[in-house]
Amino acid sequence: MSWLWVFVGGMAGAAARYLVDHAVKARADTPFPWGTLTVNVLGCAILGVLTGLSAHGGVPEAVRLTLGVGLCGALTTYSTFSYETLTLAEAGERRAAVVNVLVSVAAGVGALLGAAALAGSW
Amino acid sequence: MPSAHPTPRRGSVVAVVALGGGLGALARYAVGLSTPDPDALPWVILAVNTVGCAGIGVLMVAVTERWDAHPLVRPFLGIGVLGGFTSFSAYAFDVHHLLEQGRTIIAALYLAGTVVAAMTAVWAGAAAARRSFPGQAAP
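The listed protein sequences derive, respectively, from chains A and B.
Using my numbering, the letters of the first sequence correspond one by one to residues 1 to 122.
Using my numbering, the letters of the second sequence correspond one by one to residues 1001 to 1139.
Derived by calculation from the structure, the hints in this document are not laboratory data.
Heads up, some of the hints might be wrong.
To be verified - Covered, in the sense of this in silico footprint (three residues per stretch, anywhere, with C-beta under 8 angstroms from a C-beta of chain B), are these stretches of chain A:
hint : stretch
1    : 9-19
2    : 24-32
3    : 42-55
4    : 73-81
By construction, the Cβ of each residue, glycine as well, lies at the ideal position given by its N, Cα and C atoms.
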């Protein structure tokens, strides 16, 4: 049964990533990968909330698998993040590539740590 | 390169992205089950992300510079399978987990090491694909 939760969550997460990326790209006409940055920070924040809540033991295994491993896991991506960074660097946008890495890591990890601390203190 | 294929409908793209994402997430979960020790070093997600980044490097060169692939191949394999396999949230979770355990130096090494491994992998994957696949020289 656990496989099904991960699969369903992964399907929803990847589809949501595609749709959000599309929507962000349609609004921000720039080579900077705002869409991937948005989904990565959003997914880290949701996983942070789950992590904070589970510190009290309040998150059932099926929810952790569906939302944590499946949805947040697939809503966020490392492969597209690295490829878009490489594309920026190869296009001569070295500074934008470095900024993308620093902002993605700081905002993504920061969102998870912050959300986990907030949700854990409830 | 110009494509001989018609543009797919948006619904078809979302469907193959979702299917690929489900399969990618399952593969990541399966790799994770192979090392159930929660106190082990976070090799699982580091390995998953590095392999996935090498994969996207190879795939993108193949479908954008070498072959006129069917327009659903890139959404299925790139956005779906590899996007769902690799995970930024699992990476951030590992950093949080290491910090909670008080392993601050390991957390910092993991934080930076994943970035270095991922960027090296995507670059090496693309470079290997450009060398290995027949076609025009890299732009």
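Problem set entry | Hints that the structure is at odds with (numbers, increasing) | 2
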